[in-house]
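Participant: Listed below are the residues making up each chain.
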Amino acid sequence: MTDNSQVQAPTTPDHDDVLERAAQWRAEGRDVAIATVVSTWGSSPRPVGSQLAVDGDSNMIGSVSGGCIEGAVIHEAKEIMADGKPRMLEFGVADEMAWEVGLACGGRIEVYVERLD
Amino acid sequence: MKQDILNALLAARAAKRPVATVTHLDSGAQALVFRDGDSDGDTSGEIGELTLDDAAMASARRAIADDKSTRIDSDGGPLFIQVSNPPKRMIIVGAVHIAQPLVEIAKTAGYALTIVDPRGAFATRDRFPVVELSEDWPDDALKALNIDTRTAVVTLTHDPKLDDPALHVALRSEAFYIGSLGSKKTHAGRVERLTADGYSEAEIARIHAPIGLYIGGKSPAEIAISIMAQVTEVLHKV
Numbered sequence: 000m001t002d003n004s005q006v007q008a009p010t011t012p013d014h015d016d017v018l019e020r021a022a023q024w025r026a027e028g029r030d031v032a033i034a035t036v037v038s039t040w041g042s043s044p045r046p047v048g049s050q051l052a053v054d055g056d057s058n059m060i061g062s063v064s065g066g067c068i069e070g071a072v073i074h075e076a077k078e079i080m081a082d083g084k085p086r087m088l089e090f091g092v093a094d095e096m097a098w099e100v101g102l103a104c105g106g107r108i109e110v111y112v113e114r115l116d
Numbered sequence: 000m001k002q003d004i005l006n007a008l009l010a011a012r013a014a015k016r017p018v019a020t021v022t023h024l025d026s027g028a029q030a031l032v033f034r035d036g037d038s039d040g041d042t043s044g045e046i047g048e049l050t051l052d053d054a055a056m057a058s059a060r061r062a063i064a065d066d067k068s069t070r071i072d073s074d075g076g077p078l079f080i081q082v083s084n085p086p087k088r089m090i091i092v093g094a095v096h097i098a099q100p101l102v103e104i105a106k107t108a109g110y111a112l113t114i115v116d117p118r119g120a121f122a123t124r125d126r127f128p129v130v131e132l133s134e135d136w137p138d139d140a141l142k143a144l145n146i147d148t149r150t151a152v153v154t155l156t157h158d159p160k161l162d163d164p165a166l167h168v169a170l171r172s173e174a175f176y177i178g179s180l181g182s183k184k185t186h187a188g189r190v191e192r193l194t195a196d197g198y199s200e201a202e203i204a205r206i207h208a209p210i211g212l213y214i215g216g217k218s219p220a221e222i223a224i225s226i227m228a229q230v231t232e233v234l235h236k237v
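Chains A and B supply the protein sequences, listed in that same order.
Mind the numbering: the first sequence is residues 0 to 116 in numbering that gives the first Met the number 0, read in order.
Mind the numbering: the second sequence is residues 0 to 237 in numbering that gives the first Met the number 0, read in order.
Honestly, the hints are just simulated from the structure, not real lab data.
Any given hint could be a false lead.
To be verified - Using 30 angstroms as the maximum straight-line C-alpha spacing, the simulated DSSO-like pairs for lysine-lysine come out as follows:
| hint | chain 1 | residue 1 | chain 2 | residue 2 |
| --- | --- | --- | --- | --- |
| 1 | B | 142 | B | 87 |
| 2 | B | 1 | A | 77 |
| 3 | B | 160 | B | 106 |
| 4 | B | 183 | B | 160 |
| 5 | A | 84 | B | 217 |
| 6 | B | 184 | B | 217 |
| 7 | B | 67 | A | 84 |
| 8 | B | 183 | B | 142 |
As the list claims (entries may be wrong) - Simulated restraints, written as ranges between beta carbons of each label pair:
| hint | chain 1 | residue 1 | chain 2 | residue 2 | range |
| --- | --- | --- | --- | --- | --- |
| 9 | A | 57 | B | 123 | 40 to 46 angstroms |
| 10 | A | 65 | B | 135 | 51 to 57 angstroms |
| 11 | B | 217 | A | 41 | 25 to 31 angstroms |
| 12 | B | 236 | A | 82 | 40 to 46 angstroms |
| 13 | B | 145 | A | 82 | 34 to 40 angstroms |
| 14 | B | 67 | A | 41 | 29 to 35 angstroms |
| 15 | A | 41 | B | 50 | 31 to 37 angstroms |
This one's a predicted model, so the numbers in the text were calculated from it and none came from an experiment.
Just so you know, even glycine gets a beta-carbon here, dropped at the ideal spot from N, CA and C.
Okay, chain B solo, but in the shape it has when bound:
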């Protein structure tokens, strides 16, 4: 691997740009393929010494979209497509105690974290030193975050004033996971309110509640583990 390719790859990752490194497995020649063309607006979106035909470019872009590195046989020989997508994201609504261990566990699992809590005393730097914090109202915050298919949304406040606006946005998004903390009774009330607000049974069924896999967890850290386990389970469609 040439150092200029590696540097361009690291720059793309720092800029959170989806990119694939394509390696010709016989010659070792490489190219970077960007999902949306390269930074100069060149639609070929390719840099490096390896020249790819249209079919190979299409395969690279498909691999990026599928988030799956793969080996293919092209007309020019065997290619390996190494996908580098930005980290998956977890948006946590409610900077509560459980959010603290959940942030640590989700980071270890490779997620980029955002915590949303308009209550000034909760979402403090002191409690959450390194994650992105938003003090906007949850619906505004979630709209601004452009939830996509690589995003998980977790609501932890128990407070309908905060959880419901977040769910309104999440339920109309492509989020791969939506989960809400609260007992069965709390959730029954939530279902009633969302139904009254015009959400269908199928939409509401996307909410995992009570949140987390049942492992009998009691402490905030144990509950965070059960949440992370469920997010992982849904991600891999087990």
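Isolated chain A (complex conformation):
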């Protein structure tokens, strides 16, 4: 009898995977940036210390929000991968009329983005 269902061993939780995956990507010679939530005000989807790793092809693992600002972080990360200068990004309440990137929940967060050298 063939069992088509994929039986997978439980994996390490996400928050442990992020840096390991980042190291693995770097070892493969890819450009890698790491984003970390360093401050939050009001309601924010992910707590201080949450991390996201992204490579030069926009592959990502982990998160710094509920998905509201990841796109903008990846965009900035590309520049940081290029010039190597870490940057602090700040995101506040989304202004829907202006199509700005922001947090729907009304919070404000600071995200530190650095290149993995």
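With chain A held as given, fit chain B onto it using these hints.
Facilitator: Showing chain B alone in chain A's frame:
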């Protein structure tokens, strides 16, 4: 982030050593601070290009103890302290059916799991492929596991011969959560036995029983969800 810092950080995590990555937010310079000094016995416990003063080192160690990443303003400028503690642990006594979905859910929530069951037929690799298994008697097993404030203890056997010795150890430990499967009637009997064994009302009140948040769960997976929900609730002191 320099690759040597990342590698040292990953090595510390693999070795389950509490560590903090400290980043100078203006310069980007970084250092790792170990809670207990570094591996060479150097009490400064710091590696990396960023030099920290005593106050900053103390803040980093406090953040590790509080298990809370934080941003601080030091004399040398703004610092971010990223804490990396070993995973929280859940010790499950009783390799019963409910333990199988509970292992999956707790792993997803970030816990390291140990299953204790001296009955050979239950705690098998086949039923629990990837968790730590102990076939020692529960009191010996729990003593050896050095329960700390980041540990949850869940007893699932219904059998006083197995649950009670585990509770004897758990009730005198710093475990942040203790829960026992069984009906109100089962628990009343448990309270009676523990009282006779000299445990105080306050100590016995630490046991969450009947275990789990009341969500009407019937199947093993549903009961596992209610247990995990309660462990989470207690962890965050809601």
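Participant: Taking the hints in turn, state whether each one holds.
Facilitator: Tested hints:
1. Annotation: proposed proximity of residue 142 of chain B to residue 87 of chain B holds, straight-line Cα distance about 17 angstroms (limit 30 angstroms).
2. As the CA atoms of residue 1 of chain B and residue 77 of chain A are separated by approximately 18 angstroms, the hinted pair is consistent with the 30 angstroms bound.
3. For the given pair, residue 160 of chain B sits about 28 angstroms from residue 106 of chain B by alpha-carbon distance, which is consistent with the 30 angstroms threshold.
4. Between residue 183 of chain B and residue 160 of chain B the alpha-carbon distance is near 18 angstroms, which keeps this suggested pair within the 30 angstroms criterion.
5. Our distance criterion of 30 angstroms between C-alpha atoms is broken by residue 84 of chain A and residue 217 of chain B, whose separation comes to about 55 angstroms.
6. The suggested pairing of residue 184 of chain B with residue 217 of chain B holds, with an alpha-carbon distance near 18 angstroms, which does not exceed 30 angstroms.
7. A threshold of 30 angstroms between alpha carbons decides the hint, and for residue 67 of chain B with residue 84 of chain A the separation of about 26 angstroms falls inside it, so the pair holds.
8. Our distance criterion of 30 angstroms between C-alpha atoms is met by residue 183 of chain B and residue 142 of chain B, whose separation comes to about 28 angstroms.
9. At roughly 44 angstroms, the beta carbons of residue 57 of chain A and residue 123 of chain B sit within the given window of 40 to 46 angstroms.
10. Between residue 65 of chain A and residue 135 of chain B the beta carbon distance is about 43 angstroms. The supplied range of 51 to 57 angstroms is therefore violated.
11. The hint said 25 to 31 angstroms for the Cβ distance between residue 217 of chain B and residue 41 of chain A, and at roughly 39 angstroms that hint is violated.
12. Between residue 236 of chain B and residue 82 of chain A the Cβ separation comes to about 44 angstroms, which falls inside the hinted range of 40 to 46 angstroms.
13. Distance hint check: the CB atoms of residue 145 of chain B and residue 82 of chain A are about 47 angstroms apart, inconsistent with the given range 34 to 40 angstroms.
14. Take residue 67 of chain B and residue 41 of chain A: their Cβ atoms lie about 18 angstroms apart, and the range 29 to 35 angstroms is violated.
15. Remark: the range hint 31 to 37 angstroms for residue 41 of chain A to residue 50 of chain B is upheld by a beta-carbon distance near 35 angstroms.
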